[in-house]
Amino acid sequence: MAAEPRRTESGLPIEPVYGPETLAGFDAASRLGTPGQYPFTRGVYPTMYTGKPWTMRQYAGFGTAAESNARYKQLIANGTMGLSVAFDLPTQMGYDSDAAISHGEVGKVGVAVDSVEDMNVLFGGIPLGEVSTSMTINAPGSLLLLLYQLVGEAQGVPSNRLTGTIQNDVLKEYIARGTYIFPPKPSLRLIADVFQYCRAEIPKWNTISISGYHMAEAGANPAQEIAFTLANGIEYVRTAVAAGMDVDDFAPRLSFFFVSRTTLLEEVAKFRAARRIWARVMKEEFGAKNPKSQMLRFHTQTAGVQLTAQQPEVNLVRVSVQALAAVLGGTQSLHTNSFDEAIALPTEKSARLALRTQQVLAFETDITATVDPFAGSYVVEAMTDELEAAALELMAKVEDMGGAVAAIEQGYQKSEIERTAYRIQQEQDSGTRTVVGVNRFQLAAEEPYEPLRVDPAIEAQQAERLARLRADRDSSAVDRSLTLLRKAAEGTDNVLYPMKEALAARATVGEVCDALRGVWGTYVPVDRF
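Numbering (this note's numbering), first residue to last: 11 to 539.
Heads up, a few of these hints could be off.
[What the hints assert, rightly or not] Subject to a maximum C-alpha distance of 30 angstroms in a straight line, what follows is the list of computed BS3-like cross-link-like pairs (lysine-lysine):
#1 LYS83 with LYS62
#2 LYS293 with LYS83
#3 LYS214 with LYS302
#4 LYS214 with LYS299
#5 LYS83 with LYS118
#6 LYS62 with LYS302
#7 LYS195 with LYS299
#8 LYS83 with LYS359
#9 LYS195 with LYS302
#10 LYS293 with LYS407
#11 LYS62 with LYS299
No lab work stands behind these hints: they were computed from the structure.
Remember, it's a predicted structure, so these values are computed and weren't measured experimentally.
Construct the entire structure; sequences and hints are all you get.
Next up, the structure:
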């Protein structure tokens with residue numbers, strides 16, 4: 011009896027040998043094209059890394075704005091090419107550090123930002139006209155973008171010189187992550203307002219980073235990751251078009267965010283399939299004429315969910331393989347996780363080692379010498395086609411339900427991801443899926459490791475800063491600006507203009523979000539699993 015073939019993470023069979031017959035009838039001209047040309051299977055730029063490497067980012071943020079600022083300066087000194095900001099949970103959920111619901115979470119998984127004063131400290135001494143900054147913030151993404159713009163103005167940097175990205179992808183929050191605030195309809199309206207605002211005010215800013223990473227961390231397999239991410243992207247494009255925007259006016263500033271796992275071949279195929287699907291969607295469904303509107307540009311982060319607290323040094327190997335997969339797949343920027351992140355926030359040394367991993371790949375290997383090294387590989391081309399077909403099938407199911415928002419409201423994506431996560435956990439528990447150091451090759455006793463810890467006194471310090479802020483500011487100006495914000499939210503005006511006025515008057519993140527909560531309400535999830 012023949013053994014069952016090994017399968018990819020997406021459940022597709024992997025053959026022991028691939029040959030020319032695998033690609034019989036394969037039309038390289040239409041399926042591959044050339045690098046930098048439609049359908050962008052081989053990469054979005056003609057030269058890719060042969061001219062310069064990808065942007066090396068390190069995701070960082072913890073404790074106070076001053077502590078995070080010091081870490082950013084260390085990363086810049088170590089050679090990072092772009093900043094990537096992690097915010098704490100209260101900030102992500104639109105609450106101030108002194109709110110009762112924030113207790114115990116201030117500064118824990120990212121930096122606490124309550125007002126423009128914190129933002130000024132966070133980027134103090136960092137010239138915003140010279141760095142590119144990515145901010146992982148979603149429901150209140152518009153607020154943090156405006157705070158960043160206000161800091162730039164204080165530095166004398168024209169807004170048309172600011173470059174970076176806000177994640178701003180709330181649909182995946184409903185699916186996999188949970189840091190949503192408002193219901194889907196007003197959340198999409200807010201995202202459309204960001205598109206319009208940035209086109210007029212911050213034209214070089216990437217207005218959204220449509221994320222599959224968090225769905226993958228929740229358990230989505232590669233086919234689900236790209237299918238549900240691209241379905242969300244389609245929903246955002248439809249929202250902007252329905253708001254009266256021409257697709258070529260905003261689509262060139264769309265970007266994506268994916269995970270990179272240790273299953274290198276499937277990950278390379280995943281990135282190539284995603285580019286091809288998105289190019290065709292933008293050209294054929296939305297009629298995008300600008301090639302930049304058809305490009306799927308993406309940031310990648312190595313897979314945090316695959317890191318282990320057991321034998322954490324082994325994570326250095328995992329991250330190296332994951333980073334290699336991202337680069338071979340054609341990423342535009344990359345964050346490499348630190349080996350100790352399954353234990354605590356990264357130390358300065360572990361963050362530096364993570365960056366050095368990227369630098370070794372870029373400057374000591376030959377993978378940057380040629381564009382798309384896997385092009386024409388029997389196995390990778392076959393996997394690309396199979397993943398494309400599997401993703402399109404899932405996207406069709408989402409469409410049959412009425413699109414991404416309708417499917418979210420029915421709990422479809424969330425339940426599918428949860429089923430996959432449950433299966434993976436069962437495989438790990440039974441030992442049919444090997445996790446080195448966890449269910450095979452264990453040590454009798456783990457070596458001690460001293461993690462970085464966040465000082466719990468930060469919460470009290472932030473509360474004191476907020477008290478001083480509220481005592482020193484012009485309260486009547488804050489009240490007037492919040493009233494104008496509520497009026498805009500009740501109507502159809504772009505809410506970012508009164509929002510910026512409120513933040514400039516030193517209204518807090520929590521106060522601005524509370525004003526919008528009062529008009530739009532909050533989201534209550536549906537659970538089908």
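Taking the hints in turn, this is what the structure says about them:
Distance restraint check for LYS83 and LYS62: the Cα-Cα separation of roughly 23 angstroms lies within the 30 angstroms cut-off, and the hinted pair is therefore satisfied. Distance check on the hinted pair: LYS293 and LYS83 sit about 42 angstroms apart at the alpha-carbon level, beyond 30 angstroms; violated. A C-alpha spacing of about 13 angstroms is found between LYS214 and LYS302, which places the hinted pair at or below 30 angstroms, so the restraint holds. Proximity of LYS214 to LYS299 is assessed by CA-CA distance (about 20 angstroms); at most 30 angstroms being required, the pair is judged to hold.
With a C-alpha separation of about 20 angstroms, the suggested pair LYS83 and LYS118 falls inside the 30 angstroms cut-off, and the hint holds. Restraint check for LYS62 and LYS302: the C-alpha separation of about 19 angstroms stays at or below 30 angstroms, so the hint holds. Pair hint LYS195 plus LYS299 holds up; C-alpha atoms about 28 angstroms apart against a cutoff of 30 angstroms. A threshold of 30 angstroms between alpha carbons decides the hint, and for LYS83 with LYS359 the separation of about 14 angstroms falls inside it, so the pair holds.
A hinted pair counts as satisfied when its Cα atoms are at most 30 angstroms apart, and LYS195 with LYS302 qualifies at roughly 28 angstroms. Under the criterion of a C-alpha separation no larger than 30 angstroms, the hint pairing LYS293 with LYS407 is consistent with the structure, at around 21 angstroms. Between the alpha carbons of LYS62 and LYS299 the distance comes to roughly 27 angstroms, so the proposed pair stays at or under 30 angstroms and holds.
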